[in-house]
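Enquirer: Two chains, each in its own frame: build the complex with the hints.
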Amino acid sequence: MEGEEVIAFKWLAKGAVAPFTGFRWPVNGSWVSAPPGATDGLGVHACRIAHLAFWVGEELWRVELQGPIVERETQLEGSSGRLLDRIAAWDPEAFRQACVERIAGFHAETPSAELSDYLALAKTVDAPIASFVAAVAAVAARGARSAFEEERARQSGWLARALQLREE
Amino acid sequence: MSARVPDQPTCRQIVELVTDYLEGKLPLRERTLFEQHLVYCDWCRVYLEQMRQTIRAAGEVPEEALDPERREELLQVFRRWKAKK
Numbered sequence: 291m292e293g294e295e296v297i298a299f300k301w302l303a304k305g306a307v308a309p310f311t312g313f314r315w316p317v318n319g320s321w322v323s324a325p326p327g328a329t330d331g332l333g334v335h336a337c338r339i340a341h342l343a344f345w346v347g348e349e350l351w352r353v354e355l356q357g358p359i360v361e362r363e364t365q366l367e368g369s370s371g372r373l374l375d376r377i378a379a380w381d382p383e384a385f386r387q388a389c390v391e392r393i394a395g396f397h398a399e400t401p402s403a404e405l406s407d408y409l410a411l412a413k414t415v416d417a418p419i420a421s422f423v424a425a426v427a428a429v430a431a432r433g434a435r436s437a438f439e440e441e442r443a444r445q446s447g448w449l450a451r452a453l454q455l456r457e458e
Numbered sequence: 520m521s522a523r524v525p526d527q528p529t530c531r532q533i534v535e536l537v538t539d540y541l542e543g544k545l546p547l548r549e550r551t552l553f554e555q556h557l558v559y560c561d562w563c564r565v566y567l568e569q570m571r572q573t574i575r576a577a578g579e580v581p582e583e584a585l586d587p588e589r590r591e592e593l594l595q596v597f598r599r600w601k602a603k604k
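Here the protein sequences come in this chain order: A and B.
First residue of the first sequence: 291, per the working numbering; consecutive thereafter.
First residue of the second sequence: 520, per the working numbering; consecutive thereafter.
Below are the DMTMM-like pairs computed for lysine to aspartate or glutamate, each with C-alpha atoms no more than 20 angstroms apart in a straight line: (1) A:K304 - B:D561; (2) A:K413 - B:D561; (3) B:K603 - B:E591.
Note that these hints are calculated values from the structure, not bench results.
Excised from the complex, chain B in its bound form (with noise of 0.2 angstroms):
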């Protein structure tokens, strides 16, 4: 359908912009156009939500609060997919 309207973002396009738009860096054009998708597209909505949901939970979490050992495994987990970059 999004090829009948071009200029219409796709849900991808959204996927890619969402941290840029909670961000506040969207351009104003993009910003409209983003919003405009939100209107009529539920997943995308969805998607919205618990991003901000995750990086609202995200900001309450102090480094000093994880346990050490899962401190490790994350770091671990970190290291790997950097190296395989």
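Looking at chain A on its own, in the form it has when it is part of the complex (with noise of 0.2 angstroms):
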């Protein structure tokens, strides 16, 4: 996909921060442009719905991509962007138990020693660590590797239900 202009949602670290660059992004609607001559993968940042799983965070913001746009596998990449709105509603807790729950029910339908492993693990770590758990747990009791793109998948249309998020 390319295009010019995209409204998609961005995870960042507390205080609207970059998880992995540790850049601070400006709250006041401001244009954040990717180096010049930045190579794939090096611009800016962006999830559709559907990526959202893969990405989870402290902050979720609504943000505009500005193109050339280029849709990944599990991201969007534009050459700027900015922040829009932060989604208020996003609650690391009911989501980390709604995973909770989930590698409860594989535990329930398919009881095994690695699945109650995963289930105790789940309610020790946080949101993106338990997500991750319940992946993969949907792997083991499923016992095939597309049930981890299937979970995230459903983790993903978890978050675009509870938060009321919409592509535009």
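Expert: This is how it looks when you write it as structure tokens:
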């Protein structure tokens, strides 16, 4: 996909800080551009709803990306972007709890020591880790590697419903 | 756990790739998987930040700022390390 302008979502650490680079995003709507000549993967990233579960963080923002915009497997990449507004309804604890319940469901369907361990682990970790554990537990329960992506898609759907997110 | 999802990098692989990541040399797919690992791995996130700080700090120390005695000690350590290889 190539486009010129997209409204999408962006996970950030507390204080609108990019989790991998430490870059503090301006929250006043200013545009941020990728460095000139930035290679593939080093542009401004954002998520479609389907990508959300792969990148869970402390804050979720609605962002505007400007093009050219490239859609990749688990993220969008543009040459510039700006934060529009923060999704105040994001509740990491509710998401973590949903992941725990999901693993409990797998364990109830196909009890095993492995799933029991995942369930115990998910109860003690934060939302990003619990969601990864749930996706791994899905693979263990279903016995198919494809269950990982399916569970991530399900988690993204959960986020979209719980946070009433819409793609524009 | 990583055996269930073999294309997800392990912490050991992240450690091996960290320099290439910081230098922007990782191919797109590896870079994406690297960053996805950081989402759910506190340990690797801390490690990456420590590496970043080390590189930043080392970059601020010019060679001439080293005490000559310390410089010689360091060189000897490197020579011994190289001789062992």
